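Single-letter residue listing:
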Amino acid sequence: MSAPTLSTLTVGDVVAEAEFALSRDALVRYAGASGDFNPIHYRDDVATSVGLPGVLAHGMLTMGFAVQPVVDWLGDPGRVVDYQVRFTRPVLVDPEEGAVVTVIGKVGRIDDEGARIDLTVSFDGQTVLGKAQAVVRLDA
Amino acid sequence: MSVNPDLQGRSYPPTPPYLVGREKVREFARAVFATSPINHDPEAARAAGYTDVVAPPTFAVVVQEQALAQLLADPEAGIDFSRVVHGDQRFAFSRPIVAGDELTAVLTVTSVKTLGGHSMVSADTLVAGADGEHVVTATSSLVVRGDE
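Listed in order, the protein sequences are those of chains A and B. Numbered according to the working numbering, the first sequence spans residues 1 to 140. Numbered according to the working numbering, the second sequence spans residues 1 to 148.
Keep in mind the hints are simulated off the structure, nothing from the lab. Please read these numbers as outputs of a predicted model, since none were measured by experiment. Hints are all accurate, no fakes.
Listed below are the simulated DMTMM-like cross-link pairs for lysine to aspartate or glutamate, each with C-alpha atoms no more than 25 Å apart in a straight line:
| id | chain 1 | residue 1 | chain 2 | residue 2 |
| --- | --- | --- | --- | --- |
| 1 | A | Lys-131 | A | Glu-113 |
| 2 | B | Lys-113 | B | Asp-6 |
| 3 | B | Lys-113 | B | Asp-80 |
| 4 | A | Lys-131 | B | Glu-65 |
| 5 | A | Lys-131 | A | Asp-111 |
| 6 | A | Lys-106 | A | Asp-13 |
| 7 | A | Lys-106 | A | Asp-124 |
| 8 | B | Lys-24 | A | Asp-72 |
| 9 | B | Lys-24 | A | Asp-36 |
| 10 | B | Lys-24 | B | Asp-131 |
| 11 | B | Lys-113 | B | Asp-74 |
| 12 | A | Lys-106 | A | Asp-139 |
| 13 | A | Lys-106 | A | Glu-19 |
| 14 | B | Lys-24 | A | Asp-82 |
| 15 | B | Lys-24 | A | Asp-25 |
| 16 | A | Lys-131 | B | Asp-124 |
| 17 | A | Lys-131 | A | Asp-112 |
| 18 | B | Lys-24 | B | Glu-65 |
All chains should be built: construct the whole structure from the sequences, respecting the hints.
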């Protein structure tokens, strides 16, 4: 797969769009893979004891998958040279229904070496990440 | 207990080398729904110019975590882990992390701020490869909630 090129891009273009269905299993899988075993990500009793409405997705899990539609567009994970997010709202993952998180990536800026992709990441009609930006390296 | 303002500027010793395993990269990739062949298949990675499978961008958190553990365990820091919330996170790469890398991390506390009853601690973790070359800087802000 060949990577997109700078000359084909315009600020405002939607370059990535995806929907992620999170289950409790996905949270346990991420806990194991990342080593983040905070029980608020898999035990309702612990989550509610610290004042949360229930089990939440790891912020770093949301950050992790939110960039994947951009990687798919690029065709190469190594082209992401800078990636930042602010964690603004939790993603509550229902034990039966799970949670659906949507990601839209738009071109926010273009320069000589690449582009900044601005991500809108939403759950339940509200954004859960702020200032979610991936700087990607592109050929001319 | 509040966060010690003298933490600002403090650095911790380099973490022990972390050897990035191919299966660990694949496991992490599956966990973040990363499906690029370059994350999973060494042949695809080599065809794209890498020596082995490439880790997803946020894999750097695994190494950052080791460095943050030093800060959280520092009795002089005064950080109550049960009150910590992740505020923001950034990764700035010189090159991607690839299976076979041996990574060490050095954490420096860049700022400690108190807002209302809460504290915000920001830290830069410089991750380097076996030859000491810069791989990625992970910047993290932690919000430490004050007593209710």
